[in-house]
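J.: What follows is the residue order along each chain.
Number of protein chains: 2
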Amino acid sequence: MDYLDIAAARQSCRAYNRLRPVEDEKLGKILEAFRLSPSACNAQPYHLTVVRGEKNQAVAKACMGMGMNRFAADAPVLLVLSEDNYNKTAALGSKVKGNDYRSIDIGIAAAQICAEATSLGLSTCILGWFDDDKLRALLGLDKPVRLVITLGYAADGDKLREKKRKDMDTLVSFIK
Amino acid sequence: MDYLDIAAARQSCRAYNRLRPVEDEKLGKILEAFRLSPSACNAQPYHLTVVRGEKNQAVAKACMGMGMNRFAADAPVLLVLSEDNYNKTAALGSKVKGNDYRSIDIGIAAAQICAEATSLGLSTCILGWFDDDKLRALLGLDKPVRLVITLGYAADGDKLREKKRKDMDTLVSFIK
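For the protein sequence lines, the chains are Y and D, in the order given. When the letters of the first sequence are read in order and numbered with the working numbering, they come out as residues 1 to 176. When the letters of the second sequence are read in order and numbered with the working numbering, they come out as residues 1 to 176.
Keep in mind that a hint or two might mislead.
Copies of the same chain look alike in the list, so a pair counts if it works inside one copy or between any two.
[What the hints assert, rightly or not] With a cut-off of at most 25 Å between alpha-carbon atoms, the simulated SDA-like pairs for lysine to any residue come out as follows:
| id | residue 1 | residue 2 |
| --- | --- | --- |
| 1 | K26 | A9 |
| 2 | K61 | D133 |
| 3 | K97 | N17 |
| 4 | K97 | R14 |
| 5 | K163 | E83 |
| 6 | K159 | M1 |
| 7 | K163 | V50 |
| 8 | K26 | D167 |
| 9 | K163 | R14 |
| 10 | K159 | G53 |
| 11 | K97 | E83 |
| 12 | K164 | R70 |
| 13 | K29 | L171 |
| 14 | K29 | D5 |
| 15 | K95 | N85 |
Quick caveat, the hints were computed from the structure, so don't treat them as lab data.
Isolated chain Y, as found in the complex (with noise of 0.2 Å):
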């Protein structure tokens, strides 16, 4: 098993199969996969709100604005990804290290949940855009919502593009 097919297989995808609910078997392994995430003193400082019925068209208007993230409304399933708090270590280091632990957890926790559902055969995509108002709001969250993923079948002919990224020269350098 090579996880570099995972990472060239997952994409954004911003078309999804209204029709094809997610499975809960599946639902629960990407759960599973969220939940083992590593997180900097292990204080695992984020909170997953699975979002899948009626109030998915109003999560999914709250991340609608200046036009964007329509696809939303397709997703069968939204995943809201909100901060919660360190643990005492977690704080501390941070604090002296001035390095913000708990966004790059946040951001190991999205990319198992991300490779969890591409290996079985679902798709992404991840949105950083939205009204955290609306959403706690909605939701009754007291933290601050750091990402939301749709999660979903794509839809017919939604096929794998080509990734765009930096070159490795630009992207790496070695030291030896």
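Place chain D on chain Y using the hints.
T.: Showing chain D alone in chain Y's frame:
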């Protein structure tokens, strides 16, 4: 291929076999998994410095404040993940939404590095405790270091430990 197997197998490794180097081919695949990471507005706001050889000891030492991370000296490869500039879209979005996309992107990239390493039989530890000034001086970096990832083969006897995580009911809630 189920990513969940990788997520379950990956753990922080704090004991490396210092006599067993990381093969170039495997390192290349890990760097490609890093390069393929998704990021907000595809800004790829990070740079990876691969340290292996003479400078390892000095870099490892810069991660050892207050008695921590001594094992870093035995890791044959140290991956230093630092910030790079946003593109204009990501910079604007981050400012408008007050969301630190770059830190999240750095977390995603770290997760992709560790997942590929795990799938190749290598071990990693993500270090957030280091002397940023020293590292930047040693490596000639003009932007903040956010993470250092140790990479190598685990020492004999390094077994899979049970992961301690919050319960699913604490980490996840469902809205219908």
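J.: Are there hints from earlier that the structure breaks, and if so, what are their numbers?
T.: The structure conflicts with hints 3, 10, although it agrees with all the remaining ones.
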